[in-house]
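What follows is each chain in one-letter form.
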Amino acid sequence: MMNERTIRRAIPLFSSKASAGFPSPADDHLESRLDVTEYLIDQADATFFAMVTGDSMRDAGLLENDIVVVDRSKKPVISNIIIAIIDGEFTIKSLGQSKSGRPILIPANPDYPIIEIKDETDFQVWGVVTGSFRRFR
Amino acid sequence: MRNIALVDVNNFYVSCERVFNPHLINKPVVVLSNNDGCAVARSNEVKKLGIGMGAPWFKFKELANQHGIVALSSNYALYADMSNRVMSILREFSPHQEVYSIDESFLDVTGFQSLNLVEYAQSMRARILQWTGLPVCVGIGSTKTLAKLANYCAKKIERFNGVCNFNSMQEEELHKLFECIPVSEVWGIGRKMAPQLEALGFNHVRALQRSDPKMMRNKFSVTMEKTIRELNGTMCIELEERHRTKQQIVSSRSFGIPVRDFSSLSESVTLYVSRAAVKLRQQASFAGSIYVYIRTSPFNEKDPFYSNGLTIPIPSPTDDTKQLVRLALWALRKIYKAGYNYQKAGVMLSELVPREGIQTSLFSDSTLLDQSGNLMMVMDSINKKMGKGSLKLASEGFRKPWKMRQENKSPCYTTNWQDLIKLESISPRNQVTKDGYLRMKNSHLPKLSSAEQAAPRLHPGIPVIARNRITSTDC
Ligand SMILES: [Mg+2]
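For the record, the sequence lines run as chains A and B.
Numbered by this note's numbering, the letters in the first sequence go through residues 1 to 137 in order.
Numbered by this note's numbering, the letters in the second sequence go through residues 1001 to 1475 in order.
Don't read these hints as lab results, they were simulated from the structure.
Some hints could be false.
From the structure, some residues in chain B lie toward chain A, with a derived Cβ separation under 10 Å [claimed, not checked]:
1) Phe1020
2) Ile1025
3) Ala1080
4) Asn1084
5) Arg1085
6) Glu1092
7) Leu1115
8) Leu1117
9) Val1118
10) Ser1123
11) Arg1127
12) Gln1130
13) Gly1133
14) Tyr1413
Computed from a predicted structure; not experimentally measured.
C-beta atoms are modelled at their ideal positions from N, C-alpha and C, and glycine is treated no differently.
Using the sequences plus the hints, can you model the full thing?
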């Protein structure tokens, strides 16, 4: 059984209902605690994690050892950060389009070249990157 | 008429590996059983080379060398996670689901018959492929037996394009089709029964379908009668909709009176294991590890406190009470110390995998080990090496005999943070070759051969034994 004290503790500070200022029974304020999984993941069954190595996406805020959230259920759209397979290798880049309409892979670091996908390139979008995270300690 | 679908992942284990290692695509790949003993999954390329299911590795090793077959150790953590994803996605397509094995699920789609069921099934295939990277085939029939058979057709006959719906086909067409399928492909017939049936002149499914079920019951069994009725569209085997299987099974109890001697403790532990094993079998799973713990009362300040537990990985997952009890008692012997008033004992079965995912006949390694006494020998040798309380040592000692037989295990991409896919392969601008073509570095990739080297590096200091900490209370 929940007593009054535990209920109060469970009220999130920034509940929209609370800020609206309408008095209501405490029960109405019972919401689940913020959950980072829920924040990062839309479609759990289609979501995978991968680790960034190298600095080709540095300017997009993706650093070495960052973990990216990859959602395979999302349709890749131009300018999305994607995980692609090129000739059997995984890479992370922004999806772009060349003037001739071909897909190109754009790094977020001027030290790296833009990769144009040629007809003979074995290319596949593995998933769309929807977020990232890292730990400091 | 019912519309039962059977969804089955193509070459499941191999397909899982390919999702995370694109280099394996279009290559001949086999996955070997737990101790790298025999082939438990084969890519189509390998099937074409004539390597049978369950073929012992030492027998086709040379052929493998010749054709560049990639042989992988089984990675059940990966397969189980991918299986859960597939099953969960399928649940969205029908609330009536029976998870039949690690890579097969029956779905009752009768409620969706206003839709074009072939299209509906194609959308299942597309979604599973898109979301998980796994290819599946769908068979639809009016009974489970027919759905199974339809799935076989979906897999084998190209024109079906991965979906075969018997219910939308003309009877004549179906009969023709059935005349081309050997009886051994019928669910529940199998390779043992097939020769007997063929000897009686039932050379194909159509012949079996036309046979008199009552007569066949007398000649064979009730099961045979049911099979024949099911082939004729009468549902005899209902969908078994199960709740999701538990990932751990705990059985423990506090003793009313403190227990001091080993034999009483072992009796209790035997009982708990037996109970847990019953639950295990009820949910059609095999346990991949067993944890045993004992402790004195933490509240009795007069008596000295002692608490210890030990996890034992089971090399060949099992649901066999005898085997589980043996392992549990071995663990108990390791952690038991005389002179304490024990107040509680418990066991936990974990790393559960669906029974059907594991084919008992192929996984007989453990039985062999038992028969030769190897398992006990291994255990006893550790016994000698083990200092008191040194779980880590024990784990390493215990694992060693099998480690060499897990040579080519891929990383646990979806269940271990250390094993994630590594991204970044594009060389900086100055590394572009003269012809303007980018050569990819691939040294960082989760390559097969690097798996064994990577494993110890990636898991420093995590002992395999004692990995599970009991957090749940009595059940
Ligand atoms: Mg299969």
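Hint check:
At its closest, the beta carbon of phenylalanine 1020 of chain B sits 9 Å from a beta carbon of chain A; the interface hint therefore holds under the 10 Å criterion. Hint on isoleucine 1025 of chain B holds. Least Cβ distance to chain A is approximately 8 Å, under the 10 Å limit. Hint on alanine 1080 of chain B is violated. Least Cβ distance to chain A is approximately 14 Å, over the 10 Å limit. Interface hint status for asparagine 1084 of chain B: upheld, as the beta-carbon distance to the closest one in chain A is roughly 8 Å, under 10 Å.
For arginine 1085 of chain B, the suggested interface contact is upheld, since its CB lies about 5 Å from the closest CB of chain A, less than 10 Å. The restraint placing glutamate 1092 of chain B at the interface with chain A holds, with a minimum CB-CB distance near 9 Å, inside the 10 Å limit. Hint on leucine 1115 of chain B is violated. Least Cβ distance to chain A is approximately 21 Å, over the 10 Å limit. Because the smallest distance between the Cβ of leucine 1117 of chain B and any Cβ of chain A comes to about 23 Å, over 10 Å, the interface hint for this residue is violated.
Proximity of valine 1118 of chain B to chain A is violated relative to the hint, the smallest CB-CB distance being about 23 Å (cut-off 10 Å). At about 13 Å, the closest approach between the beta carbon of serine 1123 of chain B and any beta carbon in chain A exceeds 10 Å, and the interface hint on this residue is violated. About 8 Å separates the beta-carbon of arginine 1127 of chain B from the nearest beta-carbon of chain A, less than 10 Å, and the hint is met. Proximity of glutamine 1130 of chain B to chain A holds as hinted, the smallest CB-CB distance being about 6 Å (cut-off 10 Å).
Because the beta carbon of glycine 1133 of chain B sits about 7 Å from the nearest beta carbon in chain A, less than 10 Å, this interface hint is met. Given hint, tyrosine 1413 of chain B at the interface with chain A, holds; its Cβ is 7 Å from that chain's nearest Cβ, closer than 10 Å.
Consistency with the previously given hints fails for numbers 3, 7, 8, 9, 10, ordered from lowest to highest.
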